[in-house]
Amino acid sequence: MKIVVCIKQVPSTEAKVQMDPTKGTLIREGVESIINPFDEYAIEEGVRLKESYGGEVTVISMGPPQAKDALKTALAMGADKAVLLSDRAFAGSDTLATSYTLSLGIRKIGDVDIVICGKQATDGDTAQVGPGLAQRLKLRQITYVSKIREIDAANKKITAERLIESGTQVVSASLPALITVVKDINQPRIPNIFSIKKATRAEIPVWGARDLGGDPKDFGFDGSPTQVVRIFTPPPRQGGEIIEGEASEAVAKLIEALSSRNIL
Amino acid sequence: MDFDLTEEQQMIKKMVAEFAEKEISPVAAENDLQEKFPSDIVKKMGELGIFGTVIPEEYGGGGFDNIAHAIVAEELGRVDSSVRGIYSVQVSLVALTILKWGNEDQKRKYVPRLASGEILGCFGLTEPNSGSDAVSMQATAVEDGDSYIINGNKMWITNGGVADIAVIFAKTDKNAGARGITAFIVDTKTPGFSTRDIHQKLGLKSSNTAELILTDVRVPKENILGEAGHGFKVAMSALDFGRYTVAAGCVGLAQGCYDAAKKYALERVQFGKPIAGHQLIQEMFADMTVDIEAGRLLVYRVGHLKNKGIPNTREVCVAKLFCSEMVNRVAYKALQVFGGYGFSGEFPIERYYRDARINTLYEGTSQIQKLIIASRDLGISAF
Ligand SMILES: Cc1cc2nc3c(=O)[nH]c(=O)nc-3n(C[C@H](O)[C@H](O)[C@H](O)COP(=O)(O)OP(=O)(O)OC[C@H]3O[C@@H](n4cnc5c(N)ncnc54)[C@H](O)[C@@H]3O)c2cc1C
Ligand SMILES: Cc1cc2nc3c(=O)[nH]c(=O)nc-3n(C[C@H](O)[C@H](O)[C@H](O)COP(=O)(O)OP(=O)(O)OC[C@H]3O[C@@H](n4cnc5c(N)ncnc54)[C@H](O)[C@@H]3O)c2cc1C
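First to last, the protein sequences are chains A and B. Start counting the first sequence at 1; every next residue gets the next number (my numbering). Start counting the second sequence at 1; every next residue gets the next number (my numbering).
Check each hint, because a few of them may be wrong.
[To be verified] Computed cross-link-like contacts, DSS-like style, restricted to lysine-lysine with a CA-CA straight-line distance of at most 30 Å:
hint	chain 1	residue 1	chain 2	residue 2
1	A	Lys-198	B	Lys-13
2	B	Lys-174	B	Lys-370
3	A	Lys-68	B	Lys-333
4	B	Lys-189	B	Lys-36
5	A	Lys-81	B	Lys-14
6	B	Lys-43	A	Lys-183
7	B	Lys-189	B	Lys-174
8	B	Lys-36	B	Lys-333
9	B	Lys-13	A	Lys-50
10	A	Lys-183	A	Lys-81
11	B	Lys-14	A	Lys-68
12	A	Lys-183	B	Lys-263
13	A	Lys-198	B	Lys-221
Rather than coming from a laboratory, the hints here were simulated on the basis of the structure.
Please take these sequences and the hints and turn them into a complete structure.
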């Protein structure tokens with residue numbers, strides 16, 4: 001089975017990320033980068049599928065050269081190959097352009113049975129890239145997957161559980177397909193020293209716009225119909241009002257305060 | 001000079017830190033309280049190849065360099081000195097010593113299994129009546145056909161009660177001083193080999209420390225490590241390996257103390273502000289930072305020498321002396337930052353403080369490190 005896992009490098013969720021209010025971008029300097037946390041689950045699921053059904057796992061990321069670190073971590077977790085899509089032409093991509101670029105990369109890898117994405121990225125937070133990619137690649141998609149029940153390789157079919165608000169939904173689709181995964185799906189492994197060694201030795205090919213082909217006006221800024229108008233950190237919440245005194249008095253005051261604000 | 005960690009060193013650091021955080025940290029306090037040997041953790045370390053970090057790939061290891069080896073000790077020491085001690089003995093005192101002195105058969109037989117954690121090793125040099133003065137050891141090995149018969153007691157042996165193999169030093173010639181000592185690899189299941197666990201230690205409570213009692217233990221000649229009469233050299237070179245990971249473990253433990261104290265100092269409010277804002281507290285943090293950074297540089301310098309294959313006995317003693325004393329200063333200050341709360345088991349600092357103490361004692365006391373350093377520099381031995 002040929003498995004592709006899409007991973008994005010994001011600023012550490014522990015770091016306090018600052019916004020540049022004029023440019024409308026994240027200030028990334030000096031902020032530690034990590035693999036988008038949901039994508040670690042995607043990698044783990046890819047590696048588990050390989051371990052159960054055979055085949056190989058390729059991880060792919062679009063990003064600046066330092067996204068190689070994220071790809072190396074994925075290799076250390078057991079992925080077999082990695083590809084970085086990196087080119088100045090890709091800068092300024094919104095989710096449409098990102099999906100487009102990734103779809104060309106995955107086409108170039110070729111003959112893919114299953115594409116795995118995280119549910120969403122912790123910085124951009126749109127959860128659009130997975131579905132966008134499925135559309136571009138004309139793959140069936142199952143989003144919010146919390147469990148893969150079965151892959152029937154002979155009949156090219158996948159059955160998975162989706163985490164939905166009211167519970168769990170069981171969905172089958174024929175392969176090739178794309179899934180996006182939630183954190184319930186597995187527990188990502190700690191890499192071992194041998195896979196770390198292998199990862200540090202791996203050569204990671206970098207594919208640019210030329211390698212991917214495609215239409216230059218669909219890449220990056222030009223291919224991005226959405227623009228960030230304004231970006232800001234919401235002001236920290238102010239402490240609320242504390243009503244003190246005996247319970248009976250305090251409750252009366254509270255009721256009055258709520259009704260005077262038309263809440264009650 | 002390059003002060004940056006390489007990509008693979010960074011990846012090892014991240015991996016061991018994650019392992020320490022997820023697998024060791026949650027159980028460290030309880031294991032300490034119960035004096036419980038962390039068999040599960042040792043098993044997992046074996047599975048992840050952690051014991052094999054610095055072991056060459058041809059002997060089942062990962063083939064990483066000596067800085068990566070120190071980083072492993074550091075990251076383990078940051079959360080649990082008992083586990084760090086198990087690593088030091090298994091890898092530095094036993095596996096690396098067999099790699100350096102063993103013949104090909106011995107290396108193939110033992111090193112891959114030590115690297116994978118399939119077997120545990122211990123190192124038996126100290127005796128009830130022979131500590132700093134190792135040459136005065138009383139254990140004997142008497143030739144008998146194809147074997148030697150070993151008799152003697154070994155004291156304070158880390159992993160002693162849980163080990164599958166022991167590197168044992170004994171006198172094959174009582175009248176030849178240091179030149180009469182021979183090293184053996186002994187299977188601990190050999191008849192006549194027994195152990196007694198030592199309890200109520202001040203620290204390292206979840207690490208196993210035992211007395212080894214050898215009564216007519218028959219060891220085949222092929223188990224001599226190095227050559228007969230070269231045991232003292234074997235022991236001293238083993239300590240060059242061992243002291244390195246002790247020093248690195250001290251840096252890690254000191255970092256653990258610092259991190260715990262920092263978290264607390266930023267949360268604890270007295271006189272209307274976090275105590276981290278009081279000048280005398282800041283002095284302690286500055287002192288701790290300088291101590292830890294100096295120690296880490298000394299350790300990595302030794303790693304650099306080891307990577308280049310340059311003899312480093314003096315430099316490793318400098319690092320071990322400094323770091324073992326340093327971690328006690330740091331633990332003292334970090335506990336002071338906690339005030340009364342540092343005096344209870346509620347916070348890990350209490351365990352860290354107890355665990356810091358061993359480091360100036362074993363693998364050569366601070367006094368012995370000083371005598372080695374000065375005698376090397378002055379050209380006159382104090383022994
Ligand atoms: C501060 C900020 C503001 C933004 N504003 C806008 C905006 O206004 N309009 C807009 O359309 N976009 C915006 N983006 C989106 C930006 O272009 C995205 O980072 C990018 O398109 C991916 O979208 P996402 O981060 O929402 O990922 P999601 O769609 O949430 O990611 C889902 C999954 O897709 C995969 N994936 C996502 N990105 C990559 C990648 N680069 N390489 C490989 N796999 C990937 C991963 O598997 C991931 O788990 C913004 C991003 C940021 C950081
Ligand atoms: C928890 C623990 C684990 C251990 N693990 C191992 C192990 O795995 N293998 C092993 O072989 N040993 C092990 N040891 C033993 C340890 O290495 C010895 O305790 C140490 O070498 C000191 O020996 P000693 O205790 O006999 O002290 P002594 O040698 O009796 O020293 C007592 C004091 O006298 C000082 N002193 C001695 N000689 C001189 C001198 N010439 N000049 C100035 N001062 C001097 C010492 O510095 C010390 O302060 C362990 C010990 C402990 C406590």
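Taking the hints in turn, this is what the structure says about them:
1. Note on Lys-198(A) and Lys-13(B): the hinted pairing holds, with a Cα-Cα distance of about 16 Å set against a maximum of 30 Å.
2. For the proposed pair Lys-174(B) and Lys-370(B), the alpha carbon gap of about 28 Å is at most 30 Å, so the pair holds.
3. Under the criterion of a C-alpha separation no larger than 30 Å, the hint pairing Lys-68(A) with Lys-333(B) is inconsistent with the structure, at around 41 Å.
4. Restraint check for Lys-189(B) and Lys-36(B): satisfied, since their Cα atoms lie roughly 22 Å apart, inside the 30 Å limit.
5. Among the hinted pairs, Lys-81(A) with Lys-14(B) is consistent with the structure: their alpha-carbon atoms are about 21 Å apart, no more than 30 Å.
6. Annotation: proposed proximity of Lys-43(B) to Lys-183(A) holds, straight-line Cα distance about 27 Å (limit 30 Å).
7. Our distance criterion of 30 Å between C-alpha atoms is met by Lys-189(B) and Lys-174(B), whose separation comes to about 27 Å.
8. A threshold of 30 Å between alpha carbons decides the hint, and for Lys-36(B) with Lys-333(B) the separation of about 28 Å falls inside it, so the pair holds.
9. Of the supplied pair hints, the one linking Lys-13(B) and Lys-50(A) holds, its CA atoms being roughly 27 Å apart against a limit of 30 Å.
10. Taking the CA atoms of Lys-183(A) and Lys-81(A), the gap is about 23 Å. The hint holds against a cut of 30 Å.
11. Annotation: proposed proximity of Lys-14(B) to Lys-68(A) holds, straight-line Cα distance about 16 Å (limit 30 Å).
12. In summary, the hint linking Lys-183(A) to Lys-263(B) is supported, as the alpha carbons are separated by about 29 Å, within the 30 Å threshold.
13. A threshold of 30 Å between alpha carbons decides the hint, and for Lys-198(A) with Lys-221(B) the separation of about 40 Å lies outside it, so the pair is violated.
In the structure shown, a violation is registered for the earlier hints numbered 3 and 13, in ascending order.
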